[in-house]
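Student: These protein sequences, in sequence, are chains A and B.
The first sequence runs 1 to 276 under this note's numbering.
The second sequence runs 277 to 611 under this note's numbering.
Please keep in mind that the hints were generated in silico from the structure rather than gathered at the bench.
Possibly wrong hints are sitting among the right ones.
What the hints assert, rightly or not - Derived, one-sided and incomplete: chain A residues facing chain B with beta-carbon distance under 10 Å:
(1) Ala57
(2) Leu164
(3) Ile166
(4) Glu167
(5) Glu168
(6) Ile171
(7) Pro239
Unchecked claim - From the derived model, a few chain A residues whose C-beta atoms are all more than 10 Å from chain B:
(8) Val19
(9) Asn61
(10) Leu188
As the list claims (entries may be wrong) - Each computed BS3-like pair below joins lysine-lysine, with the alpha-carbon atoms no more than 27 Å apart:
(11) Lys263(A) x Lys408(B)
(12) Lys408(B) x Lys264(A)
(13) Lys350(B) x Lys408(B)
(14) Lys388(B) x Lys429(B)
(15) Lys454(B) x Lys429(B)
(16) Lys388(B) x Lys454(B)
No residue lacks a Cβ here, since even glycine has one placed at the ideal position from N, Cα and C.
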Amino acid sequence: MAWAYTKKTAFYLLVIVIVVESVFPFYYAILTSFKSGTSLFEVNYWPTMISWDNYAAVFQNGSFPQNIWNSVVISTLTVALALLFAVTAAYALSRVRFRGRGLLLLTILSVSMFPQIAVLAGLFEVIRTFGLFNTIWGLIFSYTIFTLPFTVWVLTTFMRDLPLEIEEAAIVDGATPWVIITRVFMPLMWPALVTTGLLAFIAAWNEFLFALTFTSSNSTRTVPVAIALLSGASQFEIPWGTIMAASVIVTVPLIVLVLIFQKKIVSGLTAGGVKG
Amino acid sequence: MAEVELKDIRKSFGAVDVIKGVSLDIKSGEFMVFVGPSGCGKSTLLRLIAGLEDITSGTLEFDHQVVNGLSPSKRGIAMVFQSYALYPHMNVFDNMAFGMQLAKSSKDQIKKRVEAAAELLQITPYLDRLPKQLSGGQRQRVAIGRAIVRDPKVFLFDEPLSNLDAALRVATRLEIAKLHHSMNNVTMVYVTHDQVEAMTLADRICVLRDGLIEQVGTPLELYEHPQSLFVAGFIGSPKMNLLNGAFADKFRATTIGIRSEHIEIKDKDGVWSGPVLHAEMLGSDSYIYVDVGSEEPMIVRQNGTTNRQLGDVVQLAPIGDAVHRFDANGQPMAH
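Construct all of the structure, not just a fragment, from the sequences and the given hints.
Tutor: If you want it as structure tokens, here you go:
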């Protein structure tokens, strides 16, 4: 009896450790964002004051609203483009028999193994050649490239598990590949689409290195870069309060998205066979 | 309604020849059943007719029009799949209407056709349900309904009953037979590995083996005059008794076959004799398994029940000249 009690206690202790470990940094950021003045440098674990000054400061900082808008547009378009290409590519890779299909799949997978920094210089040249430097299209272009291998791979695996006979029934009904993809497969793949789309969105939203390299003006930057480049009144002051407020602001949309699609994500992870 | 003609059809997957030259004439309005052991190519042949696989060589004609290059929907066929293959995210109505929607038919016409098909199959109450809310038998009806709505010239079935349980299988079999009678002479091609389904449904049966046609004929032709040892052993339940060696020598053949109902039990002077191994009493008739010394026990059918005890030695003889004689190549020999 005592042993069972101990086990239970140990279990919940471990749960608490894990939760604190993962949530504490964000909690501390929220805490700090509500402080102002010198209280920023006092260590508190509970809210001592609620001040919106930092949030106001962030939005008064000329380009920050523009940066948020850039992030939203870039991430959304990246997800849309990546899903469009990935779904059509997944159909070909999972359902069309052609020579070298396995090799192509492995190539796609191996592309995702390159570290960002390894392709940075080459990609920079490509983007400059296309005249995309310092535009949001340059970022959309590079994020799509980096998201596609993962998205294609996941959707291919998922699509391969869809029953072949459903596709054949659609062919007999007179459906073209495009109709099969959009009206038969995509409704069955919502969980997978949402899960991969969300992960692609988060990756694009948080990306830093490309965003820093491929943009040069405040009006084209995305939020992570803008936060990193936030400066204080003098070069000796790091504006922790504003940085924390900005960090909280950019994290909230992600949390909201995850909460909205939470059910779909769960069902995407547990969806078994789609038996007709 | 269409006449389907297969002329020397061949199909290879890479180096593997699956269909090795099949020529067959399926008459307009006929119910043709392809039957054979698994791997004989019967499903592949059906998919070639459907257009889901490309024909390697040979021509396929519907009403004397070559259709080799036409897509399935252009051929005017409809297909019922083994796993129903309903669209899981559409309700019954949309499942049945999908083909017509893609063909851009008018809403009224779609509604009329779907409702007529639903009426015929008695699935009207389920029209707004999803497939997962239906039982296996209902799903198969929806799949058949989807095919009917297409108003096909040729109706194709790929083992439509094998996912159903035994009782439902018999009921659905009857439904399909009724459907064939009620639809204005639509040509149907049906694939099964179950020879009982073949015997009960078919106008004509096509027995396939290793990608070649073994025999085509009405169920009774196949039953009474099998043109090969393979057909003799495949058609009929219980299996035809096949004997070779010394048993066949007596009849001047390599192999002889005799159906269980063509053997009588005699008091003395039987052609074969042996102890009873097992007796199956089915009420209306009984099957007695007798060990006459051949590889497999001889099965004898008796009307009604039997009072034979296990181990009783019985004398058996063929009735009349019902013995089928086959030569060394498995070909039938004249009487």
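Student: Next, verify each hint and record whether it holds.
Tutor: Results for each hint:
With a cut of 10 Å, the hint placing Ala57(A) at the interface with chain B is violated, because the nearest CB-to-CB distance is about 49 Å. Interface restraint check: Leu164(A) against chain B, minimum CB-CB distance 9 Å, threshold 10 Å, status holds. Interface hint at Ile166(A): satisfied, since its Cβ lies 5 Å from the closest Cβ of chain B, which is below the 10 Å cut-off. Nearest Cβ of chain B to the Cβ of Glu167(A): about 9 Å, under the 10 Å cut. The hint holds.
Interface hint status for Glu168(A): upheld, as the beta-carbon distance to the closest one in chain B is roughly 5 Å, under 10 Å. A hinted interface residue such as Ile171(A) counts as satisfied when its beta carbon comes closer than 10 Å to some beta carbon of chain B; here the least separation is about 5 Å, so the hint holds. Hint on Pro239(A) is violated. Least Cβ distance to chain B is approximately 51 Å, over the 10 Å limit. No Cβ of chain B approaches the Cβ of Val19(A) within 10 Å, the least distance being about 37 Å, so the stated non-interface status holds.
Every Cβ of chain B is farther than 10 Å from the Cβ of Asn61(A); the closest lies at roughly 47 Å, confirming the non-interface assignment. Residue placement check: Leu188(A) does not keep its beta carbon more than 10 Å from all beta carbons of chain B (closest about 6 Å). A distance of roughly 20 Å separates the Cα atoms of Lys263(A) and Lys408(B); the hinted pair therefore holds under the 27 Å criterion. Of the supplied pair hints, the one linking Lys408(B) and Lys264(A) holds, its CA atoms being roughly 19 Å apart against a limit of 27 Å.
Among the hinted pairs, Lys350(B) with Lys408(B) is inconsistent with the structure: their alpha-carbon atoms are about 30 Å apart, more than 27 Å. Of the pairs offered as hints, the one joining Lys388(B) and Lys429(B) holds, with about 19 Å between alpha carbons and a cut-off of 27 Å not exceeded. Distance hint between Lys454(B) and Lys429(B) is fulfilled; the C-alpha atoms sit about 17 Å from each other, no more than 27 Å. For the proposed pair Lys388(B) and Lys454(B), the alpha carbon gap of about 22 Å is at most 27 Å, so the pair holds.
Checked against the numbered hints listed earlier, the structure breaks hints 1, 7, 10, 13; every other hint is satisfied.
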